[in-house]
Amino acid sequence: MAAATTPEDLAALMTRVASGERAALRQLYEATSAKLFAVCLRILSDREESEDVLQEVYVTVWRRADRFDGSRASVMTWVSTIARNRAIDRIRARGPMAYADQVEDLDIPDGGVSAEALLVTAGEEGRLWDCLSELDGRTENVIRTAFFEGVTYEALARRMDTPLGTVKSWVRRGLAKLKGCLSQ
Amino acid sequence: MSEAPELSESEAFAAEHALGVLTSAERRQAEARMASEPAFAALVEAWRERLTPMATALTAIAPPQNMWLRIERSLASNDNAPVQRMVRFWRGATAGSLTLAAASLAAAVMLANRAPTVVQGPPAAGGSLLDASLVSQSGAPVPLFVAAYDPTRKALIVTSLVTPNNDPAHVHELWVIPADGKPRPLGILEPGKTRVIPMSEKLLPSLAAGSALAVSVEPPGGSPKIDAPSGPITAVGKLAKI
Chain V
1 MAAATTPEDL AALMTRVASG ERAALRQLYE ATSAKLFAVC LRILSDREES EDVLQEVYVT
61 VWRRADRFDG SRASVMTWVS TIARNRAIDR IRARGPMAYA DQVEDLDIPD GGVSAEALLV
121 TAGEEGRLWD CLSELDGRTE NVIRTAFFEG VTYEALARRM DTPLGTVKSW VRRGLAKLKG
181 CLSQ
Chain W
1001 MSEAPELSES EAFAAEHALG VLTSAERRQA EARMASEPAF AALVEAWRER LTPMATALTA
1061 IAPPQNMWLR IERSLASNDN APVQRMVRFW RGATAGSLTL AAASLAAAVM LANRAPTVVQ
1121 GPPAAGGSLL DASLVSQSGA PVPLFVAAYD PTRKALIVTS LVTPNNDPAH VHELWVIPAD
1181 GKPRPLGILE PGKTRVIPMS EKLLPSLAAG SALAVSVEPP GGSPKIDAPS GPITAVGKLA
1241 KI
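Same order as they appear, the protein sequences are chains V and W. Taking the numbering used here, the leading residue of the first sequence gets 1, the next gets one more, and so forth. Taking the numbering used here, the leading residue of the second sequence gets 1001, the next gets one more, and so forth.
I should point out that these hints are in silico values taken from the structure, not numbers from a laboratory. None of the values given here were measured: they were computed from a predicted structure. Please note that the accuracy of each hint is not assured.
[What the hints assert, rightly or not] According to the in silico footprint, chain W covers these stretches of chain V (three or more CB under 8 Å from chain W):
#	segment
1	45–56
2	74–83
[As the list claims (entries may be wrong)] Ranges of calculated distance between the beta carbons of each label pair, as one might list FRET restraints:
#	chain 1	residue 1	chain 2	residue 2	range
3	W	Gln1065	V	Arg138	25 to 31 Å
4	V	Pro163	W	Glu1026	14 to 20 Å
5	V	Gly126	W	Pro1005	22 to 28 Å
6	W	Ser1128	V	Glu8	43 to 49 Å
7	V	Ser183	W	Ala1062	51 to 57 Å
Using N, Cα and C, we set each Cβ at its ideal position, and we do this for glycine too.
This is chain V alone, in the form it adopts within the complex (with noise of 0.2 Å):
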């Protein structure tokens, strides 16, 4: 199911779940819980917690599916926004012990992605992971580590005993050379 359903499909299924039919958030569901939950472990590498997280992911999408606009949003984009901030404010919770990791996490390559899967990728996928990669690895580690932990300027900074009006500079301008890079 996953594989054959095409964003278009997953807008007409959002119609479906607004109006509130629970076979249509199932089908959702169906097509779009592996990546969600793939990107709840990444961020809480805590089955447990993750699993929560994803109960609440979609609870929420029924809930707020009448607040979903096609015309300026991607299905898979507005819910792995909701998986990623729900996320990220679990692992907030967890106190500022939390950021306290070392330096050297910054240095361990992403596990998250394997390399099939960059193999296979393509398309806008694709594009963005050869974007990320013609950053320097330092902003492009930032800019992934931010991604996927939800940390805070403060935190990389404090993480990589750098000032943190450094490390917001760096991260703009890695955004801004993202920006331009992807529009090419």
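Since the structure of chain V is already known, use the hints to place chain W on it.
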């Protein structure tokens, strides 16, 4: 990669919000700006679209088998879809059971005549102050009944706004449908009158915000079934905290 032009302050903030690098206070600020500034919201959304491939490129991991069941179970109390769907389902469920009505009539009359249970023991928390307006189910939504739950008295006060007429063949029966979707009978409402209905400890959990109240048209004495109306639903409303 050649040096890209700097992002405007607004776009940089939007991108940072999409990336997730803002503090909780800044995130709230960004959300508030999104709500009030469509142009800023569009910037955030564009950045979310740009960055989402990082998430979708992750290798899919199937959640545990029982996950959907867990989600489905937690939907009931969060169900914001119109109560009408519940009523529709209900009508379908009751239509086929009319033939059983006569058989269970005697039992229903006996139940209806039972003295109310007097609950002894320590007073339990009576819940919150709730109210509901029950509106008509055909034509324009007109309030036909109003209800309020008084936690100090542990009683539901219901007023019928229906003009009294002489129809000895029908009565109005009140039901509460909590999150589990199973209707519980609360008694007969007389047109134009107010009734104070004491709530048993057993019924108290049903009186929660989000539970539906419904009125059905029944033969005298009420629905022959104790767990569902037998006649059409005339008015429906949801309990909400005052």
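Results for each hint:
1. Coverage of the segment 45–56 of chain V by chain W holds. Counting CB-CB distances below 8 Å, 3 residues qualify, and the rule asks for three or more.
2. Under a criterion of three residues with beta carbons nearer than 8 Å to beta carbons of chain W, the stated coverage of the segment 74–83 of chain V is upheld, 6 such residues being counted.
3. Between glutamine 1065(W) and arginine 138(V), the C-beta spacing of about 42 Å breaks the proposed range 25 to 31 Å.
4. Take proline 163(V) and glutamate 1026(W): their Cβ atoms lie about 18 Å apart, and the range 14 to 20 Å holds.
5. Glycine 126(V) and proline 1005(W) have their C-beta atoms about 25 Å apart, which keeps the hinted 22 to 28 Å range intact.
6. Take serine 1128(W) and glutamate 8(V): their Cβ atoms lie about 44 Å apart, and the range 43 to 49 Å holds.
7. Between serine 183(V) and alanine 1062(W) the C-beta distance comes to about 35 Å, which lies outside the given range of 51 to 57 Å.
Hint violations for this structure: numbers 3, 7, all remaining hints satisfied.
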